[in-house]
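Visitor: Here are the chains, one letter per residue:
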Amino acid sequence: MTTTTTQSPRAKKLGIKERYSYLTRGLDWEPSYQPREKIFPYTDYEGIRIHDWDKFEDPFRLTMDAYWKFQAEKERRLYAVIDSFAQNNGQMNVTDARYINALKIFLTAVSPLEYAAHRSYAHVGRHFDGVGPRIACQMQAIDELRHAQTQIHTISHFNKFFDGLHDPWHMFSRVWYLSVPKSFFEDAMSAGPFEFLTAISFSFEYVLTSLLFVPFMSGAAYNGDMATVTFGFSAQSDESRHMTLGLEIIKFMLEQDEGNVPIVQKWIDKWFWRGYRLLSIVAMMMDYMLPKKIMSWKEAWEIYFEQGGGALFTDLARYGIRLPKYHEIASAEKDHYSHQAWSTFYQYTHAAAFHTWLPDAGEEAWMREKYPESYDRLYAPRYAHWGAEADEGKRFYNNGLPQLCQVCQVPAFFTEANDPTRISLRTCEHEGEHYHFCSDGCRDIFLDEPEKYVQAWLPVHQIYQGNCGGATVPEVLDWYHLNGGADNLDYKGSPDEALWQSWQASKAGTGT
Amino acid sequence: MALDIKTNALDQRRQTFAHIARRLGEDRPASRYEEATFDLQPGGAHHYRPTWDPAHELYDASRTGIVLADWYVLKDPRQFYYGTYTIARARMMEAAEKALSFVEKRNGFAAIAPEWQDTIRFYLLPLRHVEWGANMNACSITDLGFGAAITQATMFTATDRLGIAQIIGRIGLIAGGGQALDEGKRVWMDAPEWQPMRRLVEDSLVISDWFEMFVAQFLALDGLLYPLVYDLFDLAGQAHGASSLSMMTEFMVDWRDEVTRWIDAVLRATARESDANRDHLGRWFAHWEQRAAEALAPLATRVLGEAGIDALAGLRGELAKRAAGLGIPVGQ
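Taken in sequence, the protein lines are chains A and B.
Residue numbering for the first sequence follows the UniProt record's numbering, beginning at 1 and increasing consecutively.
Residue numbering for the second sequence follows the UniProt record's numbering, beginning at 1 and increasing consecutively.
Hints are computed from structural coordinates only; laboratory data are not their basis.
One should not assume that every hint holds.
[As the list claims (entries may be wrong)] Pairwise CB distance ranges, derived in the manner of DEER restraints:
hint, chain 1, residue 1, chain 2, residue 2, range
1, A, R61, B, V67, 40 to 50 Å
2, A, P41, B, Q238, 38 to 48 Å
3, A, P35, B, E97, 31 to 41 Å
4, B, P192, A, A80, 47 to 57 Å
Predicted model only: the values in this text are computed from it and were never measured.
Ideal Cβ positions, reconstructed from N, Cα and C, are used throughout, including at glycine.
Build the full structure now, drawing on both the sequences and the hints.
Guide: In structure tokens form, the structure reads like this:
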């Protein structure tokens with residue numbers, strides 16, 4: 001008999017904070033039958049020193065009862081909208097079928113990252129020593145599963161009508177440009193728990209999310225896609241929790257030990273650049289793929305990174321943290337980023353699972369207004385030339401395979417920050433092999449951890465080595481499960497376009 | 001009489017995603033569970049080996065001795081994806097919430113015979129630490145397991161176990177405030193009756209094969225602990241006026257009934273596949289069931305007196321029968 005109370009005392013009401021503390025932090029104990037370092041083996045090897053895990057401030061005090069209740073309510077509402085969208089053929093009300101190409105990129109490049117986040121947050125949600133971060137990470141782990149699954153369920157309806165959405169997970173693991181998001185996330189997942197949180201919770205979810213998640217959701221709102229934008233609104237409160245965790249974990253590391261500052265700074269530098277390169281595809285989506293545009297990539301960069309990020313880093317300066325290295329290069333590239341990415345996909349449209357096109361007159365006027373420094377001088381002439389060639393029946397396809405950056409895996413198409421007519425290429429030698437990079441940022445990342453990046457599965461190298469279904473383009477496309485003539489090539493003349501026109505005709509009462 | 005609302009009937013190019021159609025054998029409409037589950041874990045080449053486990057790939061089937069030709073045979077008969085899962089739990093929690101507030105408002109716990117109140121505090125409150133261990137194990141399987149079918153269900157189990165730990169915590173607050181939880185933790189750390197259990201939980205946290213962890217936690221330990229605590233201890237409490245406790249632990253009883261369907265489906269499909277799998281499952285079950293029985297024996301005796309050991313033996317017999325029914329070799 002170890003308890004001595006014989007009368008049940010009427011429990012004194014606890015305050016919210018104390019109650020939360022009893023129901024969560026109180027669960028943990030100091031193990032004595034197994035050594036602590038065997039139960040939590042991964043929190044030492046990165047060099048981050050934590051002296052007191054209890055100092056971690058829980059970013060949201062959610063107990064499971066409240067979590068189930070709120071989330072179930074959100075799910076009920078979201079699925080009601082998804083069902084009604086399908087029942088009423090909401091896909092017919094988007095601005096233009098070209099918009100669907102943004103969804104193709106979203107489903108094949110972003111949704112798989114939600115899934116990867118689910119598994120990696122389960123990893124850190126098991127392995128952080130402190131209860132606070134462990135529970136916060138577990139909640140994010142299950143949230144990320146939600147996002148992957150609700151995205152599938154939302155976009156499933158579009159797949160019934162449009163091409164390019166039919167085999168997203170297969171494509172994610174094979175198609176050349178999708179190795180960019182895949183390698184990005186696997187880089188984070190394969191890192192230690194503190195670097196992972198710096199990469200995803202802080203750099204990605206906190207610093208860059210307005211430039212990734214938000215443009216897709218705003219794009220949906222602007223283009224009449226009520227299903228996807230409802231998903232976006234439904235995920236918003238999850239995302240704010242995730243952002244709070246990102247900021248909290250950074251401050252926690254910085255406050256725990258001064259020795260952590262240079263390590264964290266190095267990771268911020270790396271993951272800023274990694275994330276920024278990943279965003280090249282979003283930049284192109286914003287400027288070229290949305291029939292009704294939200295804002296230009298350049299404006300988004302100025303608002304969300306230069307101003308928003310600037311304020312954040314001013315706040316972090318008191319910990320000895322400065323703006324990420326090469327942020328000025330990113331700002332110098334803002335006049336060119338989306339145009340160079342779109343030009344590349346235009347040339348390789350035969351090998352992509354979405355359609356491309358040249359901007360029409362109205363879009364060109366918009367480009368001129370948004371990009372007075374660069375559009376008319378550099379990109380309009382290129383499109384005019386390609387347009388003329390296409391009119392003559394000689395639509396330009398690039399049949400060479402591009403040089404990929406060893407780190408970000410984007411084809412080396414970016415130009416020098418101070419000279420937009422020269423391709424930016426960097427190289428280095430490591431153990432007798434030559435490696436190629438798109439930038440100093442990527443080269444620095446390689447040099448810091450070459451043993452990691454030499455492992456990269458580079459799609460172009462793999463094609464040349466015969467690991468991708470064969471030596472010819474059709475064989476490789478088959479291996480990708482890409483339906484030639486439907487998923488790829490110009491929007492003009494595509495089955496998507498034909499379908500859209502038949503819907504427009506039937507709406508106008510002129511079709512069958 | 002049915003009304004006939006005319007809608008736009010459009011021709012569809014396809015009914016579902018290609019990877020689902022390949023699994024269904026034809027392109028036909030798929031369920032939300034199927035679309036949310038199949039092949040979600042990326043295959044193909046992975047770029048980098050994890051720095052925390054360089055011997056394996058990020059997703060690696062060889063992290064367990066169990067071998068399955070297709071890991072998506074481990075389907076969840078509850079068809080839980082995130083939406084159906086949270087909606088099911090919100091419903092159960094609503095009922096639990098009513099029970100907790102009913103008991104609290106009417107001071108129902110005080111109606112229990114005083115010495116049995118002590119017994120409840122002794123056997124129930126430390127269980128929230130067992131649940132916390134189960135949460136970590138479920139989370140670990142989600143991390144290291146193979147295929148989205150099993151790992152999504154273990155993710156849901158991880159949050160289930162945190163939720164149950166918190167329900168026990170709330171019962172503790174009703175049964176004596178923060179002090180009762182502090183005392184429960186002291187018992188967990190020091191009381192001799194609890195030490196074999198704490199040792200078992202800590203040992204389970206470091207099991208290296210995630211499927212062995214699944215057997216140890218969900219079949220062996222939970223398979224004895226849940227019926228002992230929520231059926232037999234609860235029944236014994238009825239003679240001491242403990243019906244208010246039964247109301248507050250109804251969530252756990254319902255949950256056990258539901259989750260057992262999933263656990264059994266996973267084990268049945270795994271055992272069905274090969275002798276080698278059956279061999280692993282049999283060995284793991286024999287080892288951890290014995291450990292679980294030893295860890296529960298002092299608690300059974302403490303709560304049920306001399307009848308405790310017999311009661312536990314009865315539960316072991318039923319569990320062995322359940323395991324054998326799943327195709328797991330028992331007692332060889």
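Visitor: Any of the earlier hints contradicted here, and which numbers?
Guide: none
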